[in-house]
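Participant: Now for the letters of each chain:
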Amino acid sequence: MYATSVVQVGLYGDVGAYTAAKGGLELQLTATQYFIGLGAGMLAGAVLATALAGILGMGMLGLRGHYFAIGTLGLGIAAAELAAGWDWIGAGSGMVPPQFPGAFDRTLVFYYLALVLAAATFFTLKRLRRGRFGLALNAIRDDEDKAEAMGLHTVRYKTVAWCVSAFFTAFAGGIVGNIVGFIDPRTVAFAGVTYGVWMVLMTVLGGKGTLWGPVVGAVVFHVTQELFWTYLLGWQRVALGLLIVLIVVFFPKGIVGYIRDRWPEKFGYTVDESASGADAGTAQQGGTR
Amino acid sequence: MSPLLEVNHVSKAFGGVQANQDISLQVADGEIVGIIGPNGSGKTTLFNSIVGYHPIDQGSIKFADEELSRLRVPHIARRGLLRTFQQTRIYKQMTCVENMLISRPHANETLPSMLADFDDADYQEANELLELVGLYAKRNLQAGDLSFGQQKLLEFAMALMNKPKMLLLDEPTAGINPTLINGLLERMLYANRELGITLLVIEHNMRVIMSLAERIYCLAHGQLLAEGAPETVRNDSRVIDAYLGGQ
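Residue numbers (the working numbering), protein chains in the order written: chain A, 6 to 294; chain B, 95 to 341.
What the hints contain is simulated information worked out from the structure, not anything from laboratory work.
Note that the structure is a prediction, hence the values are computed from the model and not measured.
Careful, some of the hints might be misleading.
As the list claims (entries may be wrong) - With a Cα cut of at most 25 angstroms, we get these calculated SDA-like pairs of lysine to any residue:
#1 Lys257(B) <-> Lys131(A)
#2 Lys186(B) <-> Arg146(A)
#3 Lys131(A) <-> Glu203(B)
#4 Lys213(A) <-> Lys257(B)
To be verified - Partner residues aside, some chain B positions facing chain A, computed with beta carbon under 10 angstroms:
#5 Arg164
#6 Pro168
#7 Phe179
#8 Ile184
#9 Tyr185
#10 Gln187
#11 Glu192
#12 Ala201
#13 Asp211
#14 Asp216
#15 Ala231
#16 Gln236
#17 Met300
We treat Cβ as the ideally placed atom computed from N, Cα and C, and that holds for glycine.
One chain only, chain A, in its complex shape (with noise of 0.2 angstroms):
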């Protein structure tokens, strides 16, 4: 999962980032303009990253563990150097979205589009997780070799689950190129510093394989980042990296998930004592406990 989250920042956002900007490229926009290319321009991206996903996943997909990494790693690379090389897209020299029009407030109107996302991204995933899909997911990360033994499609199921968080990771693409105003091919790529790290941070944060663990770590996460940069200016990197390695080390599972394992009961982890249930009809039979 770290390894699509690199090559999701990689690839897939910016590949969004860089369709949203080129919804409409007349620099003068009225504001229908604006929203129609913005919206267009989000709604290509989000296609053509998950058909690309598609397509690269079935490639990359069949590889496991440090050679996956490796693999997407140098998709990311690829495709920044890619970006970097095509002049219609700007080129080496980056891309400038069109500039937003004066009657709206800028922040205001990509503060909701986001939270519209993240609230949209949730709810789908909540979605997906409950049924056969999340549980086919889990099965892959506990044991992928029994799942296969078992018949599961695993190449089948990775593959729709790197569409899906490319889908959603092109539309927020479209929203940071935009917020940004500047869309520079390596820095995008490989945003080492920003939110590349930061995406993988809050998961491992919050509590990897969790639904809330995300949003929980992306909180926590805003909130240290700002105490640090108040109370902590110039160690605030230091801060972090040292906040890091404590959740690693004392919370591999991140909050959530030391949460569920803390306490168990709380999340249906228990003991059916009035066990017998099903129309099965076979009693218990003894000597199996």
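Assemble the complex: chain A is given as a structure, and chain B must be docked to it using the hints.
Facilitator: Relative to chain A, chain B alone:
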């Protein structure tokens, strides 16, 4: 009638070690067949060859008249030939019910069915099978928290959930206490008689295999040593030699 599983002259070597040499065996539909042999005699290698875990050097493996030796693990599993592992493998961070639900058959998987919810029938079946192996009360516990014996039972139930035509069990009773073994024995017979699942079982526990299997193959040093009814194999002097190391 042609046998359900047909292994013909299969050989497999790892470097200089000849793990399987010219092994042939047949399992008819509905049968329970045992494989015995000392440690390192190539039993698990044979299982791995059958389910497509590694390619074989020579020979052919047919399941329901279809050649398997070129297919890979998940494809073979979807055709209804399933194996359990000697070192029990379950999904440790998922609950027992979840372990069961995700083990439903995957033969006809489409995008809509991948994204679908589980329906009541799935839950019903999962619960019934958990009941069968006596884990119903613990269905909401994480599978990794179960004892080793219970994990083996869970793995067995997961295999049944997959509705295989044939099940290869690799030492199903290893590491399980004697009381539990009796329960497991009953359930293997139940799976065979009531659910119509053909069984091929690797087993070291002689009492278990003698009362379970209708026919037994004995391997030693990668070669097929003897085959026949449990009584015949047990009294075969070559088998006794192989186990006791005599000449």
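Participant: State the violated hints by number, sorted upward, taking the hints as numbered earlier in the document.
Facilitator: 1, 4, 5, 17
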